[in-house]
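Visitor: If you read the sequences in order, they're chains A and B.
Using our numbering, the first residue of the first sequence is number 1, and each one after it goes up by one.
Using our numbering, the first residue of the second sequence is number 1001, and each one after it goes up by one.
Certain hints may be false.
[Said to hold, decoys possible] Stretches of chain A that chain B covers, calculated by requiring three or more beta carbons in the stretch to come under 8 Å of a beta carbon on chain B: (1) 109–121; (2) 126–134; (3) 146–152; (4) 290–298.
[Claimed, not checked] Below, a list of computed lysine-lysine pairs in the PhoX-like style, where the Cα atoms sit at most 20 Å apart: (5) A:K130 to B:K1013; (6) B:K1371 to B:K1036; (7) A:K161 to A:K171; (8) B:K1171 to B:K1161; (9) A:K13 to B:K1171; (10) A:K371 to A:K36.
Since the hints were made in silico from the structure, they are not lab data.
We put the beta carbon where it would ideally sit given N, CA and C, even for glycine.
Number of protein chains: 2
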Amino acid sequence: MMWHMELSDFGAKLSSHSGILQLMDDISKPLAEGVKPRPLGGGNPARVPQVEAAYRRQMERLLADGEAFEDLLAHYDSPQGRVSFLEMAARFFRSRYGWPLTADNIALTNGSQSAMFYLFNMFSGTTGGKRRTILFPLMPEYIGYADQGIEPDTFVSVPSKCTYYGDGTFKYTLDVDAVREYLDSHEEVGAIAVSRPTNPSGNVLTDTEIRTLAALAREHSIPLIVDNAYGLPFPDIVFTDDAQPLWNEDIVLSMSLSKIGLPSIRTGIVIAREDIIRAVGNINAIAALATGSFGPALAHDMLASGELVDLAHDVVRPFYQRKAERCAAIIRSAFEGTRYMLHRIEGSIFCWIYLPDLRIPTLEFYSVLMKDGVITVPGEYFFFGSDRQRHGLPYPHEHYDKCLRLNYSGDETLVEEGIRLIADRYREWSL
Amino acid sequence: MMWHMELSDFGAKLSSHSGILQLMDDISKPLAEGVKPRPLGGGNPARVPQVEAAYRRQMERLLADGEAFEDLLAHYDSPQGRVSFLEMAARFFRSRYGWPLTADNIALTNGSQSAMFYLFNMFSGTTGGKRRTILFPLMPEYIGYADQGIEPDTFVSVPSKCTYYGDGTFKYTLDVDAVREYLDSHEEVGAIAVSRPTNPSGNVLTDTEIRTLAALAREHSIPLIVDNAYGLPFPDIVFTDDAQPLWNEDIVLSMSLSKIGLPSIRTGIVIAREDIIRAVGNINAIAALATGSFGPALAHDMLASGELVDLAHDVVRPFYQRKAERCAAIIRSAFEGTRYMLHRIEGSIFCWIYLPDLRIPTLEFYSVLMKDGVITVPGEYFFFGSDRQRHGLPYPHEHYDKCLRLNYSGDETLVEEGIRLIADRYREWSL
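Taking the hints into account, I'd like the entire structure generated from these sequences.
Guide: In structure tokens:
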């Protein structure tokens, strides 16, 4: 007979049914027999041939270069990451963007999800008797953060404001007054955090919004953590002109190679003040010993020469922009005659659609769609950090259970079929 | 002016000065000018040409196989790990060792250090109001565990017993009575954990000792976690005949590809009950999103065909055994005339030397040796989990501040020079 497994609070919290688990499960879960899958869930990026060709060249060069391949395999990198990459990256960002960086301002992790896990828990949770929190100032935010707090109830948020346009689109904007007021009345906030572009909405916080948040963070002696996984200067899945790569000492910038071709080689890049980087490297040593070497090795020459940023700007960005525009056109056509609103696709590989007439929550609508093989992510998972939720009430945002996140980067026929099926079912399940 | 960074208790605990940090720092830290480095610290394995050649073949095959390389790059694996690898590994262990496994019994992580971090914190820390602990029944144990508890004081330990032989060697053995007594009087223990072979001592717990521990764990409805990073059936850095690959439902077996050629590609393999594996996969999803694909992809065919286990047994094991015997011979010659004892090198890439006449703690002796470029790891870091330490007292083991861990796997000339310098300095610093 098996003994009963008792998990710690940490184990129970991190392994309870969470949004990110459903999402990752859906990627591989078999559908009912005979159902054709239209995978618009998950966050897997598209394959971009020119990017793949560049990594193949790097790998072939590595194999052809004497024992370079064997040498790469054989050594642990330092816990802060591959030193040659850190030095090169510091030079690159210094010369290209004028950021005053040295290798001591950069750390690598096994993926940016791990970086966020470290950062969130460095700056929140029990802190000398107090309990500090992470403030997400623009809900909805990335589902993958929702359960990353080691302790319960350490994530708090401010609902976004919303601007509706006449063309059936809308855009989330920062409620600056509410954010300021929250910070002024909650001294326990340990960091502010945003994704930029925003996962799930495809919103891109403007330079002004980022500068405002960074200044607010500074006023309160806390950092602004910016998850730049889809952002500038790479992978540059950003379609607005109102966004520049931004960093200063008040900002912790988390970057990734996943959306520029290497999701399977976990490589996160954190740029921050030296004391923050030192802590990230130390936590990485204890929790992971070292960061894998293949990502930085494959990307080294490409970043150093400017090729990576050029590929991002000249190939990856237009690749996704075309797909985004196509997706928006299909949505306009498929949802014709229904009440719907599409968030402006300013960046990321997602579109975010608001279905105000839906008469069931999107958590249920999601299951309806699954029967047609249409895999989406229901919006509820992207709203977290309100006191109301702790009492079983919905998140205080009118979009809470009326939105779907769709990954538009996949096979175009399947994306179109999926969207048309969603529109059909929306008509059936409208008020 | 920079604001003051305030870390949470988690951040402060995991980024404070810890043994593993010193160890990983030393790997890359520059020595004083003109000092020749003799690196006997760290845990970097040796380069083994036949193993490297096998991975090169795998990588070349991958590149030659149509779009297999691009396909590998382009997709996140599931949070539990690459599904095809899990299925193959279950088949392999089932048919070769009769372990009743399916893919649901196996999870991959970004290195086994991450696996241990998850496991320790799943089974220790605050648990519904109580505070559970991890029991290390054979101190000294791996330095890399010492700081992995998210909460303070959740690691407890029982000092090993010690058998001294007439030939200047000794061996740690399990104090079964003390372990049983500890478990019977401390119901808060959430798991028992050992490394096998033991890092740092090179001890290999016998099959009987492992079976005893597994039975004790079962009696107390907790798992026995076995870190098999140097163990059987791969990398098989085990030189005794008294050890078999062991698994049953009371055991959580953590394996690694690091010591069979892939330290830079972080790949941990956990074999356990389905409910434990599900929890590991879930925590991995939240803390790391996914596990890298390159390790399992390179090792897939090698494990499936038996090549990996054959390489381990026929190449890796004799490779290290020869080095271990050479190292022992050098120690006998260099320390001739001093009082010293060498732990029997039964496995792992380390030797562990006891210097009873040392008149300074090894933490200080370490610095003396650094001046000669001899990098070692002082023994104190490998003793943790006693109440006495919390009061600033030494760990209750006569070896506490009298041992050094030496990695014998490096360049043989440097290893020899390092050992002879240690012996010389020991003579100077003896009572």
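Visitor: Work down the list of hints and note, for each, if the structure agrees.
Guide: Verification of the supplied hints:
no.	hint	verdict
1	109–121	holds (count 6)
2	126–134	holds (count 4)
3	146–152	holds (count 3)
4	290–298	holds (count 5)
5	A:K130 to B:K1013	holds, 16 Å
6	B:K1371 to B:K1036	holds, 10 Å
7	A:K161 to A:K171	holds, 8 Å
8	B:K1171 to B:K1161	holds, 8 Å
9	A:K13 to B:K1171	violated, 41 Å
10	A:K371 to A:K36	holds, 10 Å
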